[in-house]
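*Asks:* Take a look at the letters that make up each chain.
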Amino acid sequence: DQQVKQNSPSLSVQEGRISILNCDYTNSMFDYFLWYKKYPAEGPTFLISISSIKDKNEDGRFTVFLNKSAKHLSLHIVPSQPGDSAVYFCAASAENNAGNMLTFGGGTRLMVKP
Amino acid sequence: EPEVTQTPSHQVTQMGQEVILRCVPISNHLYFYWYRQILGQKVEFLVSFYNNEISEKSEIFDDQFSVERPDGSNFTLKIRSTKLEDSAMYFCASSEFRVGNQPQHFGDGTRLSIL
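Protein chains in written order, with the numbering used here: chain A, 1 to 114; chain B, 115 to 229.
Next up, chain B with everything else stripped away, as it sits in the complex (with noise of 0.2 Å):
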């Protein structure tokens, strides 16, 4: 079964560095999202994307913050300068449509460790 597929599953940066999340998102699918999990708190949205441009931000998702699909597989996340409460899992999802009974499908996350 195709799944969504995120690298590198775990990355230790030092406060103020720039880091970018990559996803492989599943081949025939449009959607595509950001979520991120700090430890012992909620599953939150950040961004979705769709022909290439963001439809909808949270507040969480402010200038640090930008998405990209660089090439037709990768998706990604990059972070400008990372900040102690960046540290949490980041997921990628995607879905083939819009439609809200569609599910979107998770890869495993990254856990980013911001010292």
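Same shape as in the complex, but just chain A (with noise of 0.2 Å):
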């Protein structure tokens, strides 16, 4: 199942520079998208959503970016922190499936260098 696909694996950048993880997606029929990040040994934790009717949606060092006609969104961490190392998984979900369920891409690991 590849509804939803992030491609780099792992990303890696200097403290203070900004961090793009991307994420491509084939299902029309997602409405939400969320990005969740997961440091080991925890579960994942939400970070920021964007709903289909938007293009671009922003908290903080935060924004997320949406490009419906290409299926693809961006998670932009600017700047970013050593603190912000950790594995990223971008996440749909559809309004009119009943169970909420969420569909994950397969996470990229980012790590922020000092």
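Treat the hints as calculated values from the structure; they're not laboratory data.
If you anchor each label on the Cβ, the simulated ranges turn out as follows: (1) E199/B / K5/A: 16 to 26 Å; (2) R17/A / N165/B: 42 to 52 Å; (3) D55/A / Q178/B: 35 to 45 Å; (4) N188/B / H76/A: 32 to 42 Å; (5) E42/A / N188/B: 13 to 23 Å.
Which chain B residues face chain A? A few, computed with CB under 7 Å, are given here: (6) K156; (7) F159; (8) S162; (9) S169; (10) E170; (11) P217; (12) F220; (13) G221.
Every residue, glycine too, gets a C-beta built ideally from N, C-alpha and C.
Starting from two chains that each stand alone, build the complex the way the hints lay out.
*Replies:* Structure, rendered in structure tokens:
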């Protein structure tokens, strides 16, 4: 099942620079997209979400961009900090889905070097 | 900040045995979920639960699996006769609303090891 795909398994960025994590999807029924961060031995922690009727949502250092025609979204972290080092998951859900299930991408491991 | 708690953090069980994984969702949340992540694979949806019944289940959630909310605070996942391939991290999640952009909040997971 490749409905949500994160093509980069890892990304390394210098502290203070921008981190850009990408996510592609194939299911045009998805209405909401969410980003989660995961540290080892912990569960995923919600970061930011975006509705399909928007193309941008910003929360502090985190901005998510959605390009619906390309079925592509990205998470920008500016400036990147060493504490941002974690695995980032993109997830999607469809409003007409009774169970509100999330479909996850495979994750991107971000390493922010001091 | 309120959080989802899961016990135990690690469960080791012999193949064929029953196992119950426990979760305490956030107290004012009404929607509950189980996901699993096999080592090296994606996080996969298992089941969602609302108003004391299953809202949706995936193909993984076969007759060996069941969920229950035995009281006002706990939410459990039971695997009746475990198989080797059930070894995975199991995450419980809860949300206040069903609307898609209202986040699901995850516990830290139970690592299930089947021998």
